[in-house]
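Asks: Okay, here's what each chain looks like letter by letter:
4 protein chains.
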Amino acid sequence: MNRKLRMGMVGGGPGAFIGEVHRKAARMDGGIEVVAGAFHIDPKLSHQMGQQLCIDPARAYDNFEQMLEKESKRDDKVDFISVTTPNNWHFPIAKACLQAGFNVMCEKPMTMTLKEAKDLQKIVEKSGKVFGLMHNYPGYPMAKLARDMVRQGDLGKIYKIVVQYPQGWLVRAIEKTGQQQASWRTDPKQSGAAGCMGDIGTHAENMAHYITGLEIEELCADLTTFIEGRRLDDDGNVLVRWSKGCKGILHASQVSIGEENGLAIWVYGENKALEWHQEHPNYLYVKVIDGPVQVWRRGNGYIGAKSAAAGRATRIPSGHPEAFLEAFANNYVNFADTIRAKLDGRKPTELELDFPGVKEGMTGMAFIESVVKSSALGAKWVKFPKV
Amino acid sequence: MNRKLRMGMVGGGPGAFIGEVHRKAARMDGGIEVVAGAFHIDPKLSHQMGQQLCIDPARAYDNFEQMLEKESKRDDKVDFISVTTPNNWHFPIAKACLQAGFNVMCEKPMTMTLKEAKDLQKIVEKSGKVFGLMHNYPGYPMAKLARDMVRQGDLGKIYKIVVQYPQGWLVRAIEKTGQQQASWRTDPKQSGAAGCMGDIGTHAENMAHYITGLEIEELCADLTTFIEGRRLDDDGNVLVRWSKGCKGILHASQVSIGEENGLAIWVYGENKALEWHQEHPNYLYVKVIDGPVQVWRRGNGYIGAKSAAAGRATRIPSGHPEAFLEAFANNYVNFADTIRAKLDGRKPTELELDFPGVKEGMTGMAFIESVVKSSALGAKWVKFPKV
Amino acid sequence: MNRKLRMGMVGGGPGAFIGEVHRKAARMDGGIEVVAGAFHIDPKLSHQMGQQLCIDPARAYDNFEQMLEKESKRDDKVDFISVTTPNNWHFPIAKACLQAGFNVMCEKPMTMTLKEAKDLQKIVEKSGKVFGLMHNYPGYPMAKLARDMVRQGDLGKIYKIVVQYPQGWLVRAIEKTGQQQASWRTDPKQSGAAGCMGDIGTHAENMAHYITGLEIEELCADLTTFIEGRRLDDDGNVLVRWSKGCKGILHASQVSIGEENGLAIWVYGENKALEWHQEHPNYLYVKVIDGPVQVWRRGNGYIGAKSAAAGRATRIPSGHPEAFLEAFANNYVNFADTIRAKLDGRKPTELELDFPGVKEGMTGMAFIESVVKSSALGAKWVKFPKV
Amino acid sequence: MNRKLRMGMVGGGPGAFIGEVHRKAARMDGGIEVVAGAFHIDPKLSHQMGQQLCIDPARAYDNFEQMLEKESKRDDKVDFISVTTPNNWHFPIAKACLQAGFNVMCEKPMTMTLKEAKDLQKIVEKSGKVFGLMHNYPGYPMAKLARDMVRQGDLGKIYKIVVQYPQGWLVRAIEKTGQQQASWRTDPKQSGAAGCMGDIGTHAENMAHYITGLEIEELCADLTTFIEGRRLDDDGNVLVRWSKGCKGILHASQVSIGEENGLAIWVYGENKALEWHQEHPNYLYVKVIDGPVQVWRRGNGYIGAKSAAAGRATRIPSGHPEAFLEAFANNYVNFADTIRAKLDGRKPTELELDFPGVKEGMTGMAFIESVVKSSALGAKWVKFPKV
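Protein chains in written order, with the working numbering: chain A, 1 to 387; chain B, 1001 to 1387; chain C, 2001 to 2387; chain D, 3001 to 3387.
Bound-form chain A, shown alone (with noise of 0.2 Å):
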């Protein structure tokens, strides 16, 4: 790090949850500052929290538009922008600042549909700036180990993907009594066309390709609102045929009682197999042929020099456990440093690099159609499209 990126937001108004997940994440490490905003569709809710996070009351738009414009003419302009909105604004937002120049942030899904998904990609392209998604499992330390464990052939032909993603938060219909949270998630027009397989499905697929290299084929998908009224669904089991002949379970929940972020994720290969799961994400299990079953804990020598990627993601010593935060963090710190690269000329690293993107933007919306279409035809199979 040796230079201090001016960080601007589109959401993340007072009270949202994940627009200040992104602000801590992205301060952690001191090499991001956050110093402008449209924090919020209200202009004097945007304002208020330019108060609250300090910024310069300039800096605090009325909304991203008028933030592309005045920042555009700045000297010291943001160097990136985050999109923190509802899931509806991410793909417009994200369009317009890359087309006004400026790297974006953009919190998951990428877009609404696989449609836009593929005009995005587009838009990116042309655009020449970086784009990152926030995907931010794959910033867990272990999850880069698990990965470099089976680019390293250690697993050999990997057989079976078990992954699942089951919460329980939304097992009465509070999206009745207001509650915000579930309020835009089971509302199709902000949410898109999928509830629980769209808001956590996506993530138990990014982590499974991310791990594996994988990509689904096909998958048949039985989706289900089991909360009466509820517009979207709820729950899903899905069967997948990843490429390579592997095979495997995927499935989410968000009326699972009692779980609160159960991403899990079992790998079998033909020579070895892997285990993490997200709410103890210090500890990958390797589990081998007649020998036993070996924990690795984050933090350790033996993990750096196993996987470089897991010893960059790593801040603090074994055994001094880290978690959500630090991973979502990692994505700020490699999305950065490749925008540092960029400002300095140079190809950034594949260390660097390391961060979801247009690619998997693409994958996760792929996915929701994919299963809304298996689940609408009666859980058929259907082909997964090319991205």
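These are calculated hints, taken from the structure and not from any lab test. Check the hints yourself; a few may be wrong.
Claimed, not checked - Calculated lysine-lysine pairs in the PhoX-like style (CA-CA distance at most 25 Å, straight line): (1) B:Lys1077 x A:Lys380; (2) B:Lys1272 x D:Lys3306; (3) C:Lys2004 x B:Lys1077; (4) D:Lys3380 x C:Lys2380; (5) D:Lys3129 x C:Lys2373; (6) A:Lys176 x B:Lys1272; (7) D:Lys3095 x D:Lys3189; (8) D:Lys3129 x D:Lys3073.
Mind docking chains B, C and D on chain A? Use the hints.
Replies: Same frame as chain A, now just chains B, C and D:
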């Protein structure tokens, strides 16, 4: 227990695994004594086993036909016969035993086909004899507690069941090295139409049914044989539609490295959820809305107060773990008490009748035929036969 | 096993806990049969128990003296006698049995005082009989594996032992409500000089010694009676100086709410460390410098390859958990095989001799007397007597 | 937060571990900005660090005296100074900062001796400034929940505390290889009278006191230096007599292979018991009489309802794990809000005042001096000084 029952065996010769498990389980509580057997298809080995077991040499028989004939004539004839032969022999031997007037405890699977299973049902019914099927996992006290929580309505409507049974021991083609357990399990003639799904997938199905009381209505199964040259599936992923609108996933594997007997089940209801793991059988996790997770632990007063069946299935106090053999033995206890009730001319209680029988055997065969059929169709949904 | 041994019992009447555990354990493997007993101090209850066990009424004796006299004259006399009475009867009965020429399996503690223990040692020696003391925890396969790792030098010099045995069942004065287990355990006349430390502290001491082979040289014990009116300690914390420069902590409690049988041990050596928990007995955690933690799991090929004793102590494959009764039974297996060896006129093997005996009994009494003495002095260091 | 505080630092130069942890923690929530520092005893490295942090070069000072002098004169002077130097510099620098009129956040240990600690107390008092001591573990939300359960009387009288802090990283004499962290920690001149017990034993003491509110009255400590040539203890076992009749064990180690930061605590009361593990900080185990164990999980509504302090210390929803840095940051949040309260002329609330300070610092030094004294006497009981 006011009467020691005399047990005969078919199978369980020198080196047999499951036969000796039956004996250990039957002996444990002192109410059953092995006094006769046709322990091996080779008469010499049958006699040798008899010696090893210190039984009267006259009662170590050349074959089961001889046993049935000779035992029938004795005053102190065996009270029941346990059938622990390879799968393909279960049906003809069980049938012969019942028709000769003996109560039968049969190792699973009950038969090789659903048709045979239905035939056996009629034979059992006609015989008026007690028939037990050794699905051992419902014998665990915490499985009984879970079932009783569901029965008492604690969970409300059940939304989702996730049940799994991963193993890793067949990740190499050890059947080609002559490993006995692997050889017959991968041989369609001895094992039946399914490999992994027959051997352990049925346990998963049985456990889900035992706890929830639900029946499978439809399923969609994607079976795979990962190991080249193997003649039966060694992995399977199944989407399930249970009765009463419950959805689910069931998966099993014999090629998941590092998994041993990872039978585990998650039952999600509208009001509570349950989680249980066979390898840590003394604990049942009960999850509620907006409250701490509860860890119910076998052997405590509050367990028996909630579930008489769990209390009855418990031998030693909390903190002294009980495990597989004790669960197995619980089926024998109930089976034997049911026989004793009949011998005493009284109706067995519901607690005594709590062991799997011909109904579970038919369901198991229906399950095997359904998953094989579904998978053969390319993983299409198939209706589950009524049994 | 080429000979079924005949077992007699003193104790284990109707409702007794540990007597029935002895029977279940002894029966499990089919090599031992209970054929005689003086099961209760009340002859009526002794006969009643005999009936319950379906043994020859002539061999359900009025008292142990009668049993010794009558059994001595039989051709088919019992091969050994298990003593499972209240503590204060262990010594006189064991002594009488040995002097009458019977092998003895004695429940712990062996005696009420160290002096008695030393006397018993001489009696055992003079008798030439086999004497087993039921410290059941070394019967666990993973305890044997741990011991063998230490013996094979894997840990190097041992620096530190932390061993604990917390329970919570006596946190209320249930001895005043007539609860049988609580009553005798809190009565110095029946239980001995120590309460908690005698009942379970000795298990902790025994386990640490079994695994490491080290002896206590000095200790400093702070015992407490938390429950008003209780006559013996219900909690104790001990600093220990083991032989060869090893330091340690040993603590036990009967008033630690929520703890069941939390026997657990951590052994830290200069090269490796071990961790084992009785309530999860199938797992041994092996810790190395700069490498993943290893979870060794009972029943796998690599376990038996490392420790013949662990392999021998294993009945069923990995993933089918084994537990308390099986560990208990392992002591019986070795004890019985040692008797069989003698009957066959051959020297028992080291594997057969792997069960606690009179040496462990003396150490247990020395432990009790030492902690009581240290605590009475205000928790001063005291030398541990040589035994 | 209505005002961003300006933070100065002494220490935290290039490569320093704990200084950067302070910065990450301070930055995370956006209310604190590092603007000045004397980051290293070598002025060049101090300036270099200033550059790295992108601060005004004029405020990267040659030494702390210069910083105090120059900052005192500025209108935008730092609001507080964090002292993160080696231990032996904590006292003189904290003293100088306070006397120059600055609020201070001091890394632990506060001083090198109890006498200095008492002196500092007077200095703090006289200064009227806010003084925080960075004992970070009470910053965990679940530690606050535990404390509040005790305060609310849920446990009743506390019988026993078991607290441990095992580590294994010093099992080899890495101080001889020049490893920086090891070198100063094993050097009495930089580290103080105790090694392991000073570095981490004090954390164990602090945590036990924080949760229970009890004070040590007497202790008996057996310290050991296992590694040849090391000049300070690397392991210690302590019997503790806490106030109000509570007994306990406290042990810590730096030579326990495989342990990382195994700080864990068990508090046993007459009505309930608590268990918490630093490496799994989001879970508090609550144990009751004759009921299931309860797993309280950070971030849920019922947590905040029970403990306002735990609720306030929580950033993200349940299931998104929080960890070490967030706990650390919680101390900064409360420390900063206390400063803000003073700046605003209002009395800080109890929730704001919830961070360790000079009292904890004195207790820590009393602890170190007591264990060293006790051990030097051969592990005799010593009275704990009143602080």
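Asks: Need the status of pair Lys2004 (chain C), Lys1077 (chain B): alpha-carbon distance at most 25 Å?
Replies: Within the cut-off at roughly 22 Å; holds.
Asks: For the pair supplied as a hint, Lys3129 (chain D) and Lys3073 (chain D), is the alpha-carbon distance within the 25 Å limit?
Replies: holds (18 Å)
Asks: Given the proposed pairing of Lys1077 (chain B) with Lys380 (chain A), does the C-alpha separation stay at or below 25 Å?
Replies: violated (56 Å)
Asks: Between Lys3380 (chain D) and Lys2380 (chain C), does the CA-CA distance stay at or below 25 Å?
Replies: The hint holds at about 7 Å.
Asks: Starting from Lys3095 (chain D), check that the Cα of Lys3189 (chain D) is at most 25 Å away, please.
Replies: holds (19 Å)
Asks: Is the straight-line distance between the alpha-carbon of Lys176 (chain A) and that of Lys1272 (chain B) 25 Å or less?
Replies: Holds. Lys176 (chain A) to Lys1272 (chain B) sits at ~21 Å (cutoff 25 Å).
Asks: Would the pair Lys1272 (chain B) and Lys3306 (chain D) pass a check requiring their Cα atoms to be no farther apart than 25 Å?
Replies: Measuring from Cα to Cα gives roughly 22 Å; hence the hint holds.
Asks: For the pair we were handed, Lys3129 (chain D) and Lys2373 (chain C), check the Cα-Cα distance against 25 Å.
Replies: violated (52 Å)
Comparing the model with each earlier hint shows violations of hints 1 and 5; every other hint is respected.
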